[in-house]
Amino acid sequence: MMMLTAQALEKSFTLHLQGGAKLDVLHNAAITVRAGECVALAGPSGTGKSTLLRALYGNYLVDSGEILIRHEGEMINLTNADAQTIIEIRSKTLGYVSQFLRAIPRISAKNIVAAGADTARAQQMLTRLGIGANLQNLAPATFSGGEQQRVNLARAFVRHWPILLLDEPTASLDAANRDIVIALINEAKSKGSAIIGIFHDSFVRDAVADQVLDLSKEHA
Amino acid sequence: MSVLLRARHLEQRFGRIVALDDVSLSLRRHEILAIVGESGSGKSTLLNVLAGFQQPDSGDVLYDSGDGPQPLATLGALTLRKLQRARWGFVHQDPRRALRLDITAGGNIGERLMAAGQRNYGQIRETAARWLEDVEIDPARIDDLPKTFSGGMLQRLQIAATLVTEPELVFMDEPTGGLDVSVQARILDLIRGLVKRLGLAVILVTHDIGVARLLADRLIVMRHGRIVETGLTDQVLDDPHHEYTQLLVSSVLPA
Numbered sequence: 001m002m003m004l005t006a007q008a009l010e011k012s013f014t015l016h017l018q019g020g021a022k023l024d025v026l027h028n029a030a031i032t033v034r035a036g037e038c039v040a041l042a043g044p045s046g047t048g049k050s051t052l053l054r055a056l057y058g059n060y061l062v063d064s065g066e067i068l069i070r071h072e073g074e075m076i077n078l079t080n081a082d083a084q085t086i087i088e089i090r091s092k093t094l095g096y097v098s099q100f101l102r103a104i105p106r107i108s109a110k111n112i113v114a115a116g117a118d119t120a121r122a123q124q125m126l127t128r129l130g131i132g133a134n135l136q137n138l139a140p141a142t143f144s145g146g147e148q149q150r151v152n153l154a155r156a157f158v159r160h161w162p163i164l165l166l167d168e169p170t171a172s173l174d175a176a177n178r179d180i181v182i183a184l185i186n187e188a189k190s191k192g193s194a195i196i197g198i199f200h201d202s203f204v205r206d207a208v209a210d211q212v213l214d215l216s217k218e219h220a
Numbered sequence: 221m222s223v224l225l226r227a228r229h230l231e232q233r234f235g236r237i238v239a240l241d242d243v244s245l246s247l248r249r250h251e252i253l254a255i256v257g258e259s260g261s262g263k264s265t266l267l268n269v270l271a272g273f274q275q276p277d278s279g280d281v282l283y284d285s286g287d288g289p290q291p292l293a294t295l296g297a298l299t300l301r302k303l304q305r306a307r308w309g310f311v312h313q314d315p316r317r318a319l320r321l322d323i324t325a326g327g328n329i330g331e332r333l334m335a336a337g338q339r340n341y342g343q344i345r346e347t348a349a350r351w352l353e354d355v356e357i358d359p360a361r362i363d364d365l366p367k368t369f370s371g372g373m374l375q376r377l378q379i380a381a382t383l384v385t386e387p388e389l390v391f392m393d394e395p396t397g398g399l400d401v402s403v404q405a406r407i408l409d410l411i412r413g414l415v416k417r418l419g420l421a422v423i424l425v426t427h428d429i430g431v432a433r434l435l436a437d438r439l440i441v442m443r444h445g446r447i448v449e450t451g452l453t454d455q456v457l458d459d460p461h462h463e464y465t466q467l468l469v470s471s472v473l474p475a
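In order, the protein sequence lines correspond to chains D and V.
Under my numbering, think of the first position of the first sequence as 1, with each following residue one higher.
Under my numbering, think of the first position of the second sequence as 221, with each following residue one higher.
Bound-form chain D, shown alone:
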């Protein structure tokens, strides 16, 4: 079942503070992902992988094109959906794991993760990702980069997402944690999640991706 399909995406940035310089990042970009499938975005840096991922989340506004998302049985075009619809889609259908955790003052790792599930599952998931009980009750502002990333991942993987976008989910992880994330991604796929990710680590990419979309070739 097709979960997300985007066509003819154009995205440029006009930098008004830098003399109005215009950066054309996405040109005629397209992507489709089905339930239970993982598409890896590839290409050298600067080809628009992160831009595409953010556009698919509604975090960047595309100049034109169409992003259809299956939300509660209906295909909804994200590019002309109002704010309320996008918030609704993000709360039920579309998950996103950014590279960095935006730590909220005073909220513990456990409660950040439990926002999407119950506390027991949150604790389990954190433990699985190597965040021990001693850290779970602390706010992650003082955690290391790798620990913060794992909190971020736990928050996403603690629940089922019909569509999940992953921006370098293993960038600051050691080999053991990387293998856990690979297992989590594959489990999510087997439960039907459609996944789009950026994986610089080719080991991870080979372990999870069914399809590789090379954006540098798309441009040509």
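No lab work stands behind these hints, which were simulated from the structure alone.
Keep in mind it's a predicted model, so treat the numbers as computed, not measured.
Think of the CB as a built atom: it goes at the ideal place given N, C-alpha and C, for glycine as much as any other residue.
Certain hints may be false.
Which bits of chain D does chain V cover? Going by a derived footprint, with three or more residues having C-beta under 8 Å, they are [claimed, not checked]:
1) 15-22
2) 51-60
3) 84-94
4) 104-111
The following residues of chain D were derived to be distant from chain V, with all beta-carbon distances above 12 Å [unchecked claim]:
5) Gly36
6) Gly73
7) Ala115
8) Asn137
9) Leu213
Chain D is already provided as a structure; the job is to place chain V on it using the hints.
The following block gives chain V in isolation, referenced to the frame of chain D:
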């Protein structure tokens, strides 16, 4: 979700200064909308007009109390006052403007409840104590005068006194404006939790982009009395289109 409040083509001038220039917006139930912009952008004027404290030169504000949208201007002073007191709340930057410093902390909270029609003293006191706890003030201080409180505590007391009647819409004008950064985080976190728990709709004026990012679903950027950009909070802040929004976002020093 239904539209709670709508503003249409608001115009406001103070002499030669244009404070509001064709401002239109809408707010849904349970939605948190932040209005950002620098001093003099018209955001506080806008808040005062939306909250019915000030009449615009032209344009109107409509509110839906459940019987369909009605222009504030047609409500009459008494009905408007009732709406402001019973179903709305207003959190000022300076809590001293909203609180009475010569009556106790509990009295400040209880007064709102009595205005809303509660008469049972025991219950009022109990509710006040519970709200002090909710805003992290030791309930043992219920009989203390607010003048013995720190700035952060005063702000938390104002929040308790505003939310105790469980309004459906709360206007906030720079709620963390005059506070130390360490105190700000606590207040923001508190507001975030309470707004979620009570399902409030909020219109929040702030010049602090971090505050907007933490609290708001949607963002309006104002400059010289005009709305220059609007959208989902993270979209406007991460992919700002207007020159002025790009300036606002790029002017923040990374922590």
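Hints and how they fare:
1. 15-22: As far as the stretch 15-22 of chain D goes, the hint holds, because 3 residues have Cβ atoms under 8 Å from chain V.
2. 51-60: holds (count 4)
3. 84-94: Our answer is that it holds, as 3 residues pass the Cβ test (under 8 Å) against chain V, meeting three.
4. 104-111: This one holds; 4 residues, not fewer than the three required, reach chain V with a Cβ under 8 Å.
5. Gly36: holds (28 Å)
6. Gly73: holds (20 Å)
7. Ala115: It is violated; Ala115 (chain D) is separated from chain V by about 10 Å at its closest Cβ, not greater than 12 Å.
8. Asn137: holds (16 Å)
9. Leu213: holds (22 Å)
In this structure, only the earlier hint numbered 7 is contradicted, and the remaining ones agree with it.
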